[in-house]
Amino acid sequence: MLKLWNQKKTEAEAQRGKQRVQPSKIRLQKDLGELERDDNTDIVFDNVEDQTRFTVVYRPPAELYVGGEFRFSFEVSDSYPHEPPKVLCLQKIYHPNIDTMGHVCLNILREDWNPVLNIQAVIFGLQMLFMAPTPDDPLNVDAAQNMHDDLALFKRNIATSMRGGTINDTTYDYVLADQQNEARGRQQRH
Amino acid sequence: MALPITRDTGISRYLQLDAPHVKDFELVNDQNETPSDLLRKAKVLVIGAGGLGCEILKNLAMSGFNDIHVIDMDTIDISNLNRQFLFRKDDVGKPKAEVAAAFIKRRSPQVNITPHFKRIQEMSEDFYLSFTLIVCGLDSIEARRWINALICGLVEERGFEGFKPIVDGGTEGLRGNARVILPTVNACLDCGLDLYGKKTAYPICTIANTPRLPEHCIEWASVLEWPRVFPDKKLDGDSPDDINWVVEKASARAAEFNIGQISYSLAQGVVKNIIPAIASTNAIVAAVCTNEALKIVTTCNPLLDNYMFYSGLEGAYMFSFPYERNPDCLVCGKKEGALTLPATSTLEELITALKESPVFQLKAPTLTLGEAKLYFQNPRELEALTRPNLAKSIGSLFDSGSILTVTDPTLTTSLSVVVTFTPAKQ
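Chains Y and C supply the protein sequences, listed in that same order. Quick note: UniProt numbering has the first sequence finishing at residue 190, numbered continuously throughout. Quick note: UniProt numbering has the second sequence finishing at residue 426, numbered continuously throughout.
Be aware that one or more of the hints could be misleading.
Dumping the calculated DSS-like pairs for lysine-lysine here, alpha-carbon to alpha-carbon at most 25 Å [to be verified]: (1) K272/C / K94/C; (2) K92/Y / K94/C; (3) K234/C / K92/Y; (4) K335/C / K363/C.
Don't read these hints as lab results, they were simulated from the structure.
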């Protein structure tokens, strides 16, 4: 044993005390500390002591979903970044790539996840879904079909759904970025 | 006169051979202990009492180890019995660690074997410090990373006293690997994290709309349908009722899309992400692990340096090579720096020093001390929360000699910075 240890040349570094942190947490510290400032996106922690669970709130500045405020829960496990964060949409929204249970069809959250990707990449991916929804990979088949067949109807449906309206027997959550929604967001958090 | 035959007669004869490395050993052993003495004294921890663990425990006991601890949080499932040979049908539902230990004790009463029916995270640092070495037969990357981070930390904290070699085995069907980790001396587990393959995942839109494989239907039932139908209940891969529900739903969907049959074992395999295990691959890998453990404690022969790969996929192929340390490793990376400042400096002054010092040249450092947040550049909520610390003196935030974990856009991973206080001016 001593011989094995003697292979080690620099003994000095072994002298100090260090508080151990799981590698997933160090990586998360890096990801969070280097997030880009963006007025349209907020990161809200359920409990600031626990960095591994947070909500990303996104207000699309343009395109189809402008005026809405969309919330996604993020959960980062000890396997991070070997495994992707778990992401769910907290609201029932009308979107071709997000189903009414909150599942998100974003390749980097599942089959194309790679440890070089980070939280910022996932946030970019989510923002992209609101800028350019794709009817080709549908999770909400109804919405995808509308988008494919009749873009004007699709836009009207988005507007209706964001006000909490009903489309084809499905009632969506009120997601407009105003006080009413803010109050709901607070409720979700507590 | 013939010597009495004992449990370690065979191994003692081997260890008494006049081999060149045994002589090396005598040079470094100042207490006149023979390799056999060291083997008897060694205290070894086996993590995992599953497919690999059963083999490892049997091999250790048969090789003359006297003091063995085994830890496993699992209970025995009927599907384990084909290869986890320390368990019998009557044992189903009992803790693996306890049943395995009892079996070894029956077979080799001289061995002191202590079971722990616990999660590795529940054990104290002192528990881990009490061992000579650790042998892992795990099926989870998360558990491997946890023990690796702990053991690498112990070395940095305590030097030789905290130095616990880890022998890690893993198998996947006809392939397997074994490695010897000498913490902070050679590559640790996190250095080679990218060697592990990705978990199979299917695009969620394929699962939802265009299934082509039986697996797509199973994922549809378990990932999409289950939370919809049972919003408050987690799917339990070990519950026959739950899996049967998945099989039923998935079969209906498979029929609808003209996809093949869904069996119970396929459904459970997909839900639990079961990696197929073959008994003899476990035996091969466990044998390599145990021989390395024997060599580590007795120094009778040189060790595996440091990664062995076995493949039985096409013929039988075995290869070993030295996996190199990753200088940017999150766990054992050597990126370290030191900073000396008066205790009265503010945290902001410390950050300025990190940015302006020619050694560091950081751009926007985020600082933590253990689990405590000192300063986060982003996101807004954490920045606002930690901003008051900027004006505080570093002496009020931590002690001299503390090691801060620093991340920064200019760094690939992280940097450990030791902050020492200069004596206050009179």
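Discussion item. Checking one constraint from the list: CA of K234/C to CA of K92/Y, max 25 Å. Satisfied?
Written reply: holds (21 Å)
Item to complete: Could you grab the alpha-carbon distance between K335/C and K363/C and see if it respects the 25 Å cut-off?
Response: holds (17 Å)
Fill in: Hinted pair K92/Y and K94/C, Cα distance within 25 Å
violated (43 Å)
Fill in: Distance restraint between K272/C and K94/C, which requires alpha-carbon spacing of 25 Å or less
holds (20 Å)
Hint check: a violation occurs at hint 2 only; the rest are consistent with the structure.
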